[in-house]
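Please model the entire structure based on the sequences and the hints provided.
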Amino acid sequence: MRSAAESAASKVKSGAAAKPAARKGKDEEGSGEKRERHHFEHKKKSMAPAMIGLGGLLLFGGAAYWYFGIKLPADDKVKQELEAAATAKRLAQVAEQAAKDKAEMDAANAKHIGDLAGAAAQKGEDVAIPDAAEATDKTAKEASAPSKKPEASHDSGSDKAIEEIDLLALPVLPKYSKSTDEEWDKYQADAKLLTDPASGAAGNRAGKRIEEAGRAAVPALLNQFRTINPAVEDGFRAGDLIQKMLERICKGMNYGWKYSTEPKDVYYNKKAIQNWFKRWQDIGEDDVAWAKFTKQDVKKAEADTEGGDAPAAKPASGLDDF
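Residue numbers (this note's numbering): 1430 to 1751.
Treat the hints loosely; a few may be bogus.
[Claimed, not checked] Here are the simulated SDA-like cross-link-like pairs (lysine to any residue), alpha carbons at most 20 Å apart as the crow flies: (1) LYS1700 with VAL1661; (2) LYS1506 with GLY1490; (3) LYS1707 with LYS1637; (4) LYS1693 with ARG1677; (5) LYS1700 with TYR1688; (6) LYS1637 with ALA1598; (7) LYS1700 with GLU1592; (8) LYS1508 with GLY1498; (9) LYS1721 with GLU1676; (10) LYS1604 with ARG1644; (11) LYS1724 with GLN1710; (12) LYS1529 with GLY1685; (13) LYS1604 with ALA1642; (14) LYS1721 with ARG1655; (15) LYS1707 with ILE1591; (16) LYS1637 with VAL1661; (17) LYS1693 with GLY1681; (18) LYS1700 with LEU1622; (19) LYS1500 with LEU1488; (20) LYS1707 with ALA1598; (21) LYS1724 with GLU1714.
[Said to hold, decoys possible] DEER-style ranges, computed between Cβ atoms: (22) LEU1511 with LYS1607: 52 to 58 Å; (23) GLY1629 with ALA1515: 48 to 54 Å; (24) ALA1515 with GLU1731: 54 to 60 Å; (25) LEU1511 with ARG1666: 47 to 53 Å; (26) ASP1505 with ASP1588: 31 to 37 Å.
The hints are simulated quantities; they were obtained by calculation from the structure and are not laboratory data.
Predicted model, so just to flag it, every value in this text is computed and none were measured.
For glycine and all other residues, C-beta sits at the position ideal for the given N, C-alpha and C.
Pasting the structure below:
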């Protein structure tokens, strides 16, 4: 009886012990499955950032290639084409303006010569003026004659003839008698600004002030005239600014101007400067003579002249040296 009871108790204990072991085995098996599933899920999540990073890198590389390899070179090419077009346009405008200036100058000279010839004919005076027909005839004769050596060209274009005219030897003119010292200083400063290629808008404003001053600013312009070198482009360009300003002040009267550094043109421009000096020295302080030269009211000038006994005005051509 006792043995049967012990046997039954032993079976109960053995069954109770088996259940926790089985449960433990199942728990361990479930835990292993969870770890495996967690490990698998962890591996799947880690691929997404890598793919995103790779895509971003490719996108950045493509954008950089487009910008630096395609867009910038294209922009540079367009910029160069625009700059070339702008340069060509400026050159065309300069050429057009030069042609226009030359045409206006030729027309003004022709009118001036015609006026002088008409005035001389009415007064029965002999006035030496440039004769276009004579010049044309001379050119035709030279063209039909046998070719000459370069050194036998027109005397006015020779180095000796050019060197004989020393512009710096011309006198430094004093101020106009009716100008104050302060005004005179301003006129001289403006004359320098007018011919300074770097003056820009300040040079344009100086030109307007000189034109408004008129006759009183002429000596300052002439003093600036004597400092230029017509044998270089900058020189004859600066001289052109001065002679155009003098032409405006003198109501169209001028001695012409050449736009090159050819020896004959250098000689011509030097003679023109000489004639401007001579004309001012002859009539600059003579109200009546100045009025005649600049086509102003001579009667008013005579009335304004004290006593009406102004010196007789000289012929207004001033071109007999050409």
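Hint-by-hint comparison with the structure:
no., hint, in the structure
1, LYS1700 with VAL1661, "holds, 16 Å"
2, LYS1506 with GLY1490, "violated, 23 Å"
3, LYS1707 with LYS1637, "violated, 25 Å"
4, LYS1693 with ARG1677, "violated, 26 Å"
5, LYS1700 with TYR1688, "holds, 14 Å"
6, LYS1637 with ALA1598, "violated, 29 Å"
7, LYS1700 with GLU1592, "holds, 12 Å"
8, LYS1508 with GLY1498, "holds, 16 Å"
9, LYS1721 with GLU1676, "holds, 14 Å"
10, LYS1604 with ARG1644, "holds, 11 Å"
11, LYS1724 with GLN1710, "holds, 18 Å"
12, LYS1529 with GLY1685, "holds, 15 Å"
13, LYS1604 with ALA1642, "holds, 13 Å"
14, LYS1721 with ARG1655, "violated, 25 Å"
15, LYS1707 with ILE1591, "holds, 18 Å"
16, LYS1637 with VAL1661, "violated, 26 Å"
17, LYS1693 with GLY1681, "violated, 24 Å"
18, LYS1700 with LEU1622, "violated, 24 Å"
19, LYS1500 with LEU1488, "holds, 16 Å"
20, LYS1707 with ALA1598, "holds, 13 Å"
21, LYS1724 with GLU1714, "holds, 16 Å"
22, LEU1511 with LYS1607: 52 to 58 Å, "holds, 53 Å"
23, GLY1629 with ALA1515: 48 to 54 Å, "violated, 19 Å"
24, ALA1515 with GLU1731: 54 to 60 Å, "holds, 55 Å"
25, LEU1511 with ARG1666: 47 to 53 Å, "violated, 28 Å"
26, ASP1505 with ASP1588: 31 to 37 Å, "violated, 49 Å"
Going down the numbered hints, you'll see the structure goes against 2, 3, 4, 6, 14, 16, 17, 18, 23, 25 and 26, while the others check out.
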